[in-house]
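There are 4 protein chains.
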Amino acid sequence: MDTLHSKNWLHLSRIVRFGETDSAGVIHFYQLFRWCHESWEESLAKYGLNASDIFPSLLNKDNEPLIALPIVHCKADFLKPLKTGDHIQIELSPIKIAVGSFQVETKFKCDNETVAQGLVRHQAINSQTRLSCELSTEINSWLEASSL
Amino acid sequence: MDTLHSKNWLHLSRIVRFGETDSAGVIHFYQLFRWCHESWEESLAKYGLNASDIFPSLLNKDNEPLIALPIVHCKADFLKPLKTGDHIQIELSPIKIAVGSFQVETKFKCDNETVAQGLVRHQAINSQTRLSCELSTEINSWLEASSL
Amino acid sequence: MDTLHSKNWLHLSRIVRFGETDSAGVIHFYQLFRWCHESWEESLAKYGLNASDIFPSLLNKDNEPLIALPIVHCKADFLKPLKTGDHIQIELSPIKIAVGSFQVETKFKCDNETVAQGLVRHQAINSQTRLSCELSTEINSWLEASSL
Amino acid sequence: MDTLHSKNWLHLSRIVRFGETDSAGVIHFYQLFRWCHESWEESLAKYGLNASDIFPSLLNKDNEPLIALPIVHCKADFLKPLKTGDHIQIELSPIKIAVGSFQVETKFKCDNETVAQGLVRHQAINSQTRLSCELSTEINSWLEASSL
Numbered sequence: 004m005d006t007l008h009s010k011n012w013l014h015l016s017r018i019v020r021f022g023e024t025d026s027a028g029v030i031h032f033y034q035l036f037r038w039c040h041e042s043w044e045e046s047l048a049k050y051g052l053n054a055s056d057i058f059p060s061l062l063n064k065d066n067e068p069l070i071a072l073p074i075v076h077c078k079a080d081f082l083k084p085l086k087t088g089d090h091i092q093i094e095l096s097p098i099k100i101a102v103g104s105f106q107v108e109t110k111f112k113c114d115n116e117t118v119a120q121g122l123v124r125h126q127a128i129n130s131q132t133r134l135s136c137e138l139s140t141e142i143n144s145w146l147e148a149s150s151l
Numbered sequence: 004m005d006t007l008h009s010k011n012w013l014h015l016s017r018i019v020r021f022g023e024t025d026s027a028g029v030i031h032f033y034q035l036f037r038w039c040h041e042s043w044e045e046s047l048a049k050y051g052l053n054a055s056d057i058f059p060s061l062l063n064k065d066n067e068p069l070i071a072l073p074i075v076h077c078k079a080d081f082l083k084p085l086k087t088g089d090h091i092q093i094e095l096s097p098i099k100i101a102v103g104s105f106q107v108e109t110k111f112k113c114d115n116e117t118v119a120q121g122l123v124r125h126q127a128i129n130s131q132t133r134l135s136c137e138l139s140t141e142i143n144s145w146l147e148a149s150s151l
Numbered sequence: 004m005d006t007l008h009s010k011n012w013l014h015l016s017r018i019v020r021f022g023e024t025d026s027a028g029v030i031h032f033y034q035l036f037r038w039c040h041e042s043w044e045e046s047l048a049k050y051g052l053n054a055s056d057i058f059p060s061l062l063n064k065d066n067e068p069l070i071a072l073p074i075v076h077c078k079a080d081f082l083k084p085l086k087t088g089d090h091i092q093i094e095l096s097p098i099k100i101a102v103g104s105f106q107v108e109t110k111f112k113c114d115n116e117t118v119a120q121g122l123v124r125h126q127a128i129n130s131q132t133r134l135s136c137e138l139s140t141e142i143n144s145w146l147e148a149s150s151l
Numbered sequence: 004m005d006t007l008h009s010k011n012w013l014h015l016s017r018i019v020r021f022g023e024t025d026s027a028g029v030i031h032f033y034q035l036f037r038w039c040h041e042s043w044e045e046s047l048a049k050y051g052l053n054a055s056d057i058f059p060s061l062l063n064k065d066n067e068p069l070i071a072l073p074i075v076h077c078k079a080d081f082l083k084p085l086k087t088g089d090h091i092q093i094e095l096s097p098i099k100i101a102v103g104s105f106q107v108e109t110k111f112k113c114d115n116e117t118v119a120q121g122l123v124r125h126q127a128i129n130s131q132t133r134l135s136c137e138l139s140t141e142i143n144s145w146l147e148a149s150s151l
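Protein chains in written order, with our numbering: chain R, 4 to 151; chain S, 4 to 151; chain A, 4 to 151; chain D, 4 to 151.
For the record, the hints were derived by calculation from the structure and aren't laboratory data. Since the model is a prediction, treat every value here as computed from it, not as a measurement. Just so you know, not all the hints are guaranteed correct.
[Claimed, not checked] Straight-line distance between alpha carbons at most 27 Å, and here's what the computed DSS-like set of lysine-lysine pairs gives:
(1) K110(S) <-> K78(A)
(2) K10(S) <-> K110(S)
(3) K110(A) <-> K78(S)
(4) K64(A) <-> K83(R)
(5) K83(S) <-> K64(A)
(6) K49(R) <-> K49(A)
(7) K78(D) <-> K110(R)
(8) K49(A) <-> K110(R)
(9) K83(A) <-> K78(S)
(10) K99(S) <-> K10(S)
(11) K49(A) <-> K64(A)
(12) K49(R) <-> K83(A)
(13) K78(A) <-> K99(S)
(14) K83(D) <-> K99(R)
(15) K83(R) <-> K64(D)
(16) K64(S) <-> K83(D)
(17) K78(D) <-> K78(R)
(18) K49(S) <-> K110(D)
(19) K112(A) <-> K99(S)
(20) K112(A) <-> K78(S)
(21) K49(D) <-> K110(S)
(22) K83(A) <-> K64(R)
Just chain R, with the same shape it has in the complex (with noise of 0.2 Å):
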């Protein structure tokens, strides 16, 4: 069986824009972390969830999730330049740490070669009082089914 293919919310692609550079000529260092967000709002959307029940926002104040996900902690290491019109792979592992929270490590690979690597820890709270609580069914299941 082909896990590219039975996973394919986890194999994601990009390609490196003008103004995601710097004058350096290669990607400038924070745009990985924008790459590594937008990398996971789309596996939740190729998984088959809602961006409305996931992401708050005042237009959808009648409707809001009741959790929200901040992100507590984020790291990345940077191997090679990446520089304008370079193809991106883009590999997530996303992995649950307790009841209320998840991280997402995202590789990323150009030409099968590991150019740069991101993680993101994110926490559940209750979108009312701010207080931690546990993951929301949603998001436990793209977990689950990540990690298989």
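Could you slot chains S, A and D onto chain R? The hints should help.
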């Protein structure tokens, strides 16, 4: 009377940062709109207004501003390249267009030469109904003081 | 003949991401210009051009494009709010303005309704002298094919 | 002796801007790394260094810094939410790690409480060969003065 000092909330400055450039070596164009918006925010604060009375946020849900100020139009002209470390002088010219709208023209100078200019137009809307409405007392006060 | 498929490099799409919104719950205005520029880059690539032939970089110093394409003017109109997860259809309309300049009008639609539009104008310059010059063969080719 | 004033290049401040928040109402996480980098740039300038001696640019090709300082690692912890208009105090703690590398720990405080912290590690490389090298005299001077 020194107009530079009498309306100090319309005369700002900033320094070009490395992450604002792209691999052509100059600021990436849309960063100018960030400068326009941040200059407007700085102007409101220097004039004496509170950010929490102007800018909506889920964290401030019980005390949300009744009036939101979405941007309906903006434009910019780029005259000279800007690079990391350049010192920029900023001049804001706000004007009221109608009972519910205003725009801010922002001129950016380097060594007393205009290097770029931006314009951002806002329309007041009721934050619940999202229908057009009149500008708030606070914004009207800032507009009047700015155009005296 | 299906024009959607015959000029596929002018018909793109993207999904609104969480980090592109602000605390008012909708996309922060200048992100639209990032979409315009990234759509233009995607269009050039889908048409068959190489990023390294168009976009300068210090990493590519010995083979730098002779012609740079700085943006001299841009503008945008915002018609409807956009929130995280919205699916956006993108239509590009590039036109040549003069021997050394062109602009790209970009229309953004959601559920077949225009929600925003942007326009970005470029001026060709010699990357060494920084004086105005003619557009490159590559850009002229893309412009001609796009306006047939 | 007042250390706050004696090393003023390590004590900075900024105000949270609307465009730095996301629809959850707080700063979008990776903006913190922009703050880290911009604080570092401001620190170098306040200490007396020129941006053009540190940061490479195609516009500066004939006088390019011989040493580039790419970021090889970074991390951040987020302790409290930050919203538009919050006043942030910033404290930088730079340390040299090896002959060719250093890191800057940056603490962000609001109302005297630590709300977030970031760490960014740089490796000096020869900008032509891209091989590891020693830090420049300028950076060494700033590091020594900062850790006295």
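These are the hints, each one checked on the structure:
For the hint pairing K110(S) with K78(A), the CA-to-CA distance comes to about 16 Å; that is within 27 Å, so the pair holds. Among the hinted pairs, K10(S) with K110(S) is consistent with the structure: their alpha-carbon atoms are about 16 Å apart, no more than 27 Å. About 16 Å separates the Cα atoms of K110(A) and K78(S), which keeps this hinted pair within 27 Å; it holds. Taking the CA atoms of K64(A) and K83(R), the gap is near 18 Å; set against the 27 Å cutoff, the hint holds.
Taking the CA atoms of K83(S) and K64(A), the gap is about 22 Å. The hint holds against a cut of 27 Å. At most 27 Å may separate the alpha-carbon atoms for a hinted pair to count; K49(R) and K49(A) meet this at roughly 24 Å. Only pairs whose Cα atoms come within 27 Å are accepted, and K78(D) paired with K110(R) is accepted, the gap being roughly 16 Å. A distance of roughly 26 Å separates the Cα atoms of K49(A) and K110(R); the hinted pair therefore holds under the 27 Å criterion.
The suggested pairing of K83(A) with K78(S) holds, with an alpha-carbon distance near 18 Å, which does not exceed 27 Å. For the proposed pair K99(S) and K10(S), the alpha carbon gap of about 17 Å is at most 27 Å, so the pair holds. A distance of roughly 25 Å separates the Cα atoms of K49(A) and K64(A); the hinted pair therefore holds under the 27 Å criterion. Taking the CA atoms of K49(R) and K83(A), the gap is about 26 Å. The hint holds against a cut of 27 Å.
Proximity of K78(A) to K99(S) is assessed by CA-CA distance (about 20 Å); at most 27 Å being required, the pair is judged to hold. Restraint check for K83(D) and K99(R): the C-alpha separation of about 22 Å stays at or below 27 Å, so the hint holds. The hinted pair formed by K83(R) and K64(D) meets the criterion: a straight-line CA distance of about 22 Å does not exceed 27 Å. Pair hint K64(S) plus K83(D) holds up; C-alpha atoms about 18 Å apart against a cutoff of 27 Å.
In summary, the hint linking K78(D) to K78(R) is supported, as the alpha carbons are separated by about 4 Å, within the 27 Å threshold. Distance restraint check for K49(S) and K110(D): the Cα-Cα separation of roughly 26 Å lies within the 27 Å cut-off, and the hinted pair is therefore satisfied. As the CA atoms of K112(A) and K99(S) are separated by approximately 30 Å, the hinted pair breaks the 27 Å bound. A hinted pair counts as satisfied when its Cα atoms are at most 27 Å apart, and K112(A) with K78(S) qualifies at roughly 20 Å.
For the given pair, K49(D) sits about 26 Å from K110(S) by alpha-carbon distance, which is consistent with the 27 Å threshold. A hinted pair counts as satisfied when its Cα atoms are at most 27 Å apart, and K83(A) with K64(R) qualifies at roughly 18 Å.
Of the hints listed earlier, the one the structure fails to meet is number 19.
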